[in-house]
Amino acid sequence: MASFKKTQIRSLPKIGQKVTADTLYWRKLNFPVTVKEFGPIDYIDVMPIEPYFIAVSSAAKVQIYNPITHQVHRHFTRFKEAAYGASIRSDGKLVIAGCDEGHVKLFDIGSKSLLRIFKGHKGPVHRCKFTTDNVHVVSFSDDKSVALWDLPSETEIIKFSEHSDYVRAGCVSSISSDLFLSGSFDHTVKLYDARSPTGSTISVDHGSPVESVLMYPSNSIFVSVGGTELRVWDMLAGGRLLARVSQHHKTITCLHLASDGKRLVTGGLDRHAKIYDVQSYQVVHTLDFPSPVLSLGITPDDFTVVAGMANGLISMQHRQTQAEARALNPKQSLKVQKKSQTAYRFRLNADFRSVNRTFNPATDVEVATKTDTNFVSRYDMFLRKFQYSKALDTVLTPYIRKKKPAITVGVMHELIRRNGLKSALAGRDDSSLSSILTFLARNINDPSHANIIIQVANTLLEIYESSSLTPQSEKLFLQLQEHVNREVEYVKHLMEIEGMLHILLASTTTQARRSSTYVVQGSPVKPMLPSASAAANATMIFNVG
Amino acid sequence: MVKMANKKTRGPDKTQANTSDIVVKKLDDATDIVRQPPVFTNDSKYICIASGRQIGIYSVESAEKVHSLEEHTFDVIGLAIKDDNILLSCDASGETIEWNINNGTTLKKAPLVVAGIKEFHSFHYPGNGKVLVATPSTYTTNMSSLWIVDSHTRPRKLFADIKSTPHSIAFGCNQGNGSLVVVALQDHSVVVKDITNGVDKKHMTDQRKFTCVALHSEKLIMATGDISGRILIWHDFVHKSRPVKTVYHWHTLPVNSVCFSSEGEYLYSGGSEKVMVKWRLGMSRKQFLPRMGSSIKYIVNAPDNICVATSHSDNAIRFIDSTNKINRAIIGLVKHDPIRGFADTEPIKESVMPTGLVFDPRSHGIFFNAQAGFLQLFDPQKNSLIFNMDVANRNVLTDERNLVIGNAEVLRVAVSPTGEWLATLEVWSNMSAGYHDMNLKFWRYDAVQANYELNTDVTMPHQDRVTALCFQPGLLGTEMPCLVSIGRDLKFKIWRLVDDTDIYRQKESWSCDVAGDFRKLTPSALSFSEDGSLMAIAFQDTVTLWDPTSINLNTTLSHTLVQEPIELMEFGRDNCFRYLVCASKSALYAWDVISQGLVWKVGQLHSSVRCLVPDPKSCYMAAVLQNSEVFVFSPSSSKPVHSVPKMNSSEPIAALFVPRPNPLASGPEWLINSRLLIVDDQQEFLCVDDVSSAGFNQKLTTPISHMDSLPWTPFSAMKAEKQISAAKQLVPVVHQTSGIQGYKSVQSLLETSASALPPMSRICSLFMSDLMIKHGPKAVTAKVNSVDRTSTDLPLSNGHIDSKTQDFSEETTLQKLLTLDCQWLVETVK
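So the sequences go chain by chain: A and B.
Here the first sequence is numbered in UniProt numbering, starting from 1 and rising by one per residue.
Here the second sequence is numbered in UniProt numbering, starting from 1 and rising by one per residue.
Don't read these hints as lab results, they were simulated from the structure.
For each residue, glycine too, the CB sits at the ideal point set by N, CA and C.
Warning: the hint list may mix true and false statements.
List time: in silico DSBU-like cross-link candidates among lysine-lysine, alpha-carbon distance up to 35 Å [to be verified]: (1) B:646 <-> A:5; (2) A:262 <-> B:219; (3) B:209 <-> B:109; (4) A:422 <-> B:278; (5) B:130 <-> A:5; (6) B:278 <-> B:349; (7) A:6 <-> B:82; (8) B:82 <-> B:130; (9) A:6 <-> B:130; (10) A:6 <-> B:507.
Every beta carbon over 12 Å from chain B, so not counted as near; a handful from chain A, in silico [what the hints assert, rightly or not]: (11) 6; (12) 18; (13) 227; (14) 288; (15) 386.
The following block holds chain B by itself, in its conformation from the complex:
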């Protein structure tokens, strides 16, 4: 029988670190870029995008970031172009900053003073020093009041109780006398105010709620969208009390955004159908741009009328050219739309980020959910997205008006210890039809192509929801990899790679090796010991230990003190390899798998444990509670090394220890080699880190030349267009998309058995010529413009020689030498 053990701590000595140095920071670069509509500059060359407290200025031509403006201490609520080169921004505390767009410097800072109000919802700048700001409404929540602020007069309240979204306020000018017209949306009505003439109007239609409004900047026409998908164009709405309206109705879902082209000829509209509709006003013609990937939040038209930018809910801004094609995109970290249709008993993690954070040892990135059916890899060192991968490969379906249509969602992800294999589980379910699909897909990383290739697709791997997937760690290179899955159909299954090669093709595929169960109990958690020699599966309150190779049950661990079903379970790492930490609803405890005893138990936690993550580089482990408390402890003892109090109101979803590229010089032991990342239910990244490490505040992006933004001067003419440096550039092997010189022929020579080879004299010349550098006319040009690397082969030398002609001639002689060399060789062989 298992006994409660009162053992000495076996783990490392707990050095009492100065814990005040440890802080929780928000990763700023990973915030969304689509919360506020972007703004084009007057020359349409740049686009300004607010993301959290930052403002990014991007080039429209290349979609690259030119400047990053960071002065605000609160989230930016509005951007406007004041003059040709001046950007005006305002944050939630009312501080406005004027920036120089060309060099990114701050010109002026000023606070907005509106009747002592400290919080602002949105910010608009109609011009002439007048500013429109929305503030929280005094009586009703979620509503705003609109104020006009002028430099010489007192702030004036225009409307009360209007909607607070940035798209419910619009302004334009009256053609007659150029006075400012402001319109705003209330739930069922549009309120209009002509500032100079003092005209006030309120228009109502029917019971459909308005969602967005747009006003043309010169002509006096207004467009409104509502929740039924109808767009109304209003003419002469300032003076008439029953203005003429035109109805444009294509959308079935609420219209999220409407926008006029600068000439007022066209109207753009978009919504959750993921289709941008381009209406020609006054005619019935319309153009569509379907399958834009994600629902449209905002549409912004460039002043030069050539380009339209759309903000999408997947955190991307796409540029559409005049031929109605997407030609560029600014893509941020994708936020996953929470899955709808789950039962209330499911934890919130299952709908917000079902995959959790999965570390990829190959790229040192993190895998987690992107859009429905997609998976993204995020690099925490550079705070950038590495790629976004389509796992489901299905058309993204949109809802119908009264019908929620679900898409396939990636629910589980596992990466093999070497990073070569990726296992994804995607689920599509239709609760109303009672039918669901499940696919377990195995992807292999192809280093030459630098992408993942689908190897095996298993339909319905389990009959019910799969709870966990885990690769067996610690295998030697010669052993076939192995994946374990547990599901609610009471089974655990072991999947192994099977060599299915025959003489026609080389093929490996995954197949189910063993399916087992244990006393018809539901498996709830799964963990491998660090060396992969022991597999633990938790069945309710019982822990079973298995030998992964033979699938023999070694032991079952259970105790009267721990009766609650286990929710999370992890083996200790490093010198705490023998401890198995389990978390149930209210308790955290550890088993010693060698002596098979309960080592310690911490009961009555403040709230349930949400994540239990081991640090791969040390023996420590972190437990993140639902109320966002964090405890870092060594599995050998119940006393935490460090604890973080409640951070904020948000609820943590997933956590992960991310290894550092360079270990810290000093600090607590668990922070030296890695830091802790936590994702909350808003999908914001929090980082528990040492104060001293500058980690993510450092800018790692390379500066971009500002050539085209500089005014022409005699000095700028002297500056070279291209700069050539003799410094060697590092060629990233991972991103090499095409092969190595002669790779194929060497490969075929090595793979064919010696017996089957034709006589050497026959293949020698062919083989040697394959290895030679081919100098077709194309390759030569590629060498000359060595800046754009279009040549398909590995560049042999990266140091550029000053004179290009010399470079070229030298290479031809080299080529001659090579040819001579080979001919000599061929002859001797013959």
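Only chain A is shown next, with the shape it has when bound in the complex:
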């Protein structure tokens, strides 16, 4: 037996911004907690393991924040001038920071003590990083050099001085302890291998001063930002340019990976942070900040997003927990709760009944969850029973009528198909007639539903033209007429514009191909045309009023 097929509700695609999985995901960030520092926030680094402490370097100090409490966990102030680029080791025990006097300082987070000072750079050091093996440090300095230091012996192993301007960006490979990248204001990004001390292995031209670089976890691709551009380079192909993306309208200052390496985040001086998909480099979401963004930090679980801004503000945003979401939106959460509460049906196991033994509730009760697949809506139920008036009544409730007019139109369509519209519309009292009339007046201008609405309106007029109406219904009929007249007027205007466009198009096509003798109509410009259906409106005859 073929099952009853549900009434088809025609839904048209909505115009406007699409709600995607990403927008929903990133919209869940709470209102930010802000902390004010004295100077611009130079760099933010997130500890890669729990509890995901955040190292913030600004002015002459490095502060380590607890992302949950937003309190300062540790602060390091042993810098004479500004401190830069504090970075936490992958085990979360040590932190290094560069400073204006050209030193790289190593601190123990637990004891706050200064363990090592790497001296050798002649200019300020803006970025420094631990290598993957945790016993080396790479520093990127304004004296145009990049140096690799040995942690235990506090000595310099190699120094590369290939850049011709300040080196303000750098990162290390996550796989090999010998590979690291540097980006400089001389527009180049260079890849070094500590095993080949002669010089850089890859050098690419970014086209503008490089503000930040980043290497993907797979180590086959690196990204550089600077100016308003993001460039993606293929490392395995020797520095081939894979993509150029320009989504910011001011300088991009920082780069970060999010969502387990599936999304890339860039922050810029235009106060936005853009989130990209790493495969297509399409922007999937944008975060807004009150001030130019200088640095970004995102915890590995995407729970906290920290942004450091030029006016010294640190904004920390948490992802909404479920409890919070429930408190914020109790109505929706109730629905979710209802859904999760499944209806249970208990029944005795078959073999328990047949065999005479003691009852064991663990094995002898089968629990069957109720399946919700055969849900039949009320209007379908009435349609199934051929109760057409009732089916129409159920879709004329204020909620469906106003919020989901497509359902009402769908049921009307089905009634037309079943030749049951007349019987469904006939014999209505004043209040139900007024609800139909207001629905028709509201939706008759909608080109996607117009053909069905016009059909219903014509049938309604046919039924009620000779019957006496109350003043209220009469007023509504006149209102409907008013709507139709307005639509006709509007379509007339549109057709005038269409005619003008046709003249323009025809003249251009004849210029382009003077020899041809025909005109292909249509497609290059598609004006909004509810034309045919709306033109049909004009033919509607009103006998009432």
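Chain A is fixed; fit chain B onto it per the hints.
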């Protein structure tokens, strides 16, 4: 200006074939199985179904065909069970044959001799050697006379002028003395005869015409249905002149069939509402079985009272079990109910089979209309239905008593050259309301799921009726497919597949690329050249040639000799690619599109050309005329290679060249690679073919084991229940309904760009474990009962090893090896 060209023939040399070898045959297997009511055997294990000249014996358990009995030379008009294992059948010429049901052999043939009458309408067998036959009435047409034939007495006429449908005659026995009671229907009355006692009665009710009658086999109760949907139960109708009647009225449409259960407790009735009603006699309770798909023609009850079979107008027989559920069905080729409500000016093709025959290059099947809103795919090689597809996906609506309610109908179908895309146009129109709906749907074939998935649904693609749909042939795999539609709103539209993929999902959909018109003329026909580089659209008598990629008008072709509007138009194939053959009401002519001249014209045809079909495998083309003449010709010349004279009275609707799987060894050139199928207005298939090719007479169905029909003997006990063979079975890829081992993970690995992959060490073990054969307890059992293939993965080996336990253990060791292998690999990667 275009000139009449008198050119030499450029086509292939016409080898003068011996045309006497070519015959027109009827495809027998595709005939309907619901013309006669089916008959259950006494043990209710088998059901006998008459279909044309054949009788099929089907198992009730499995709904599979067990025997096919083919001895009759005329259509079978009646079946009856004579004894436990003997089936009696009679054909329209009066020849009766007795068959052995168990092995399908003929036992006895005998002609019926009834006063020199040569034509019979229906046949019933009440038992004891007595036979009831209906013959054409001598005075009134469409009426029958009923005769009783006995082996030792002369045939006796029982009634004259009764209705000739199989359901207007019923028989039963009188409880008192066991004498035979026969009832028959006339338009407004029921006539009753008690044979032994010689009682004659005629009962009348009111002006409602009777449609069907049933008599209980043991109790003396009669049920009649009439055109108002009323069912009357008559008690004691043999003796009383005003018998007691009970009224059961639920149906609104005429009752097509009534049937008693064997105990006489229940009555089944059905009609065009597509609902079977089960009445409990003497009580007001009734049960319904709604939405049976198609209107009910006959209802037959099995002798064991467990199962009821219903014959439906969509050529299906459905079995209903005692819990009032359909559990099996025997489905034949579906006949399309002609669409009602078309204007008289429309050709008959539009109502009988609007889609025509459309060849599917993927399955080598043919698409055409099934029930309203459905489309079926028929395999002409095996003469079997491949599937029946719901295109409209709407509830099938039934008429009301004074109101015709139409359903959505599939009007046009087009298949892309690769078979990947299917475009269907469905139309629903309500003439009285002046409102119509039109949907153009694009379906994509999913090879993994083995079905079509809806890709795009376009509402109102044209403002008026769509005349033709055609995919552009000859595209490379990289090019986006393209469909052209022409409609009576004077427009032609070009639809293209648009890639709408973003990072969240992969999506392609169809959208209208160009809509154009030509001098406000109605486009009437559409054709693509074989390589797809040229599109021809006929606007009345003018042919326009377009470049399909840029939609530039290349040329218009018109001539003073051809002024009639073009109805059909086709490009030549193969080496006749340059000829464009057009057919108007009375003429057939060809254009040369390169020299742009009229090549030839044949005027004053006997009747108008109904179909013009090119053979995809050769350069020939066939023109089928309305009076069923067929001409096969090469587009390069006007002289036909072969012509078939008028076949019969029926009118052809559609035609198609169907490629053969194996080319003929000898024969005329146009028949070597394909044969011509023609459908007539009765939706019977005719085939123009060579005599030598046995094609459709061969039985391609595999024999079914007759184990359960064999009597128990010591030898049968020795026979194994299952036979295991080492021969490899072919696994049909098309019908694989679920995926390949690890397909998903390989796919995801290949689809993700290298940059976005996590480090290899992290995904390697996961990936390898996905590729391994999973041996949950379920999979193992599936392997052991390898006869029913329940395992979801592709079976790796199909040759069965004799001992099953050994098979199993071998596999576990294999599995171990695999695991070891992978671990080693994972470690090295780390």
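Hint check:
Our distance criterion of 35 Å between C-alpha atoms is broken by residue 646 (chain B) and residue 5 (chain A), whose separation comes to about 46 Å. Proposed proximity of residue 262 (chain A) and residue 219 (chain B) is contradicted: the alpha carbons are some 79 Å apart, above 35 Å. Between the alpha carbons of residue 209 (chain B) and residue 109 (chain B) the distance comes to roughly 38 Å, so the proposed pair goes past 35 Å and is violated. Restraint check for residue 422 (chain A) and residue 278 (chain B): satisfied, since their Cα atoms lie roughly 32 Å apart, inside the 35 Å limit.
As the CA atoms of residue 130 (chain B) and residue 5 (chain A) are separated by approximately 50 Å, the hinted pair breaks the 35 Å bound. Restraint check for residue 278 (chain B) and residue 349 (chain B): the C-alpha separation of about 38 Å exceeds 35 Å, so the hint is violated. For the hint linking residue 6 (chain A) to residue 82 (chain B), the alpha-carbon distance of about 48 Å lies beyond 35 Å, and the restraint is violated. Annotation: proposed proximity of residue 82 (chain B) to residue 130 (chain B) holds, straight-line Cα distance about 11 Å (limit 35 Å).
Note on residue 6 (chain A) and residue 130 (chain B): the hinted pairing is violated, with a Cα-Cα distance of about 53 Å set against a maximum of 35 Å. For the hint linking residue 6 (chain A) to residue 507 (chain B), the alpha-carbon distance of about 25 Å falls within 35 Å, and the restraint holds. Annotated as non-interface, residue 6 (chain A) brings its C-beta within 12 Å of a C-beta of chain B; the closest such distance is 9 Å. The claim that residue 18 (chain A) lies off the interface is violated: its Cβ sits roughly 9 Å from the closest Cβ of chain B, which falls inside the 12 Å cut-off.
At roughly 22 Å from the closest C-beta of chain B, the C-beta of residue 227 (chain A) stays outside 12 Å, upholding its exclusion from the interface. Under the 12 Å C-beta cut-off, the non-interface status given to residue 288 (chain A) relative to chain B holds; the minimum distance is some 22 Å. Residue 386 (chain A), annotated as away from the interface, has a beta carbon of chain B within 12 Å; the closest lies near 10 Å.
Violated hints for the displayed structure, listed by number in ascending order: 1, 2, 3, 5, 6, 7, 9, 11, 12 and 15.
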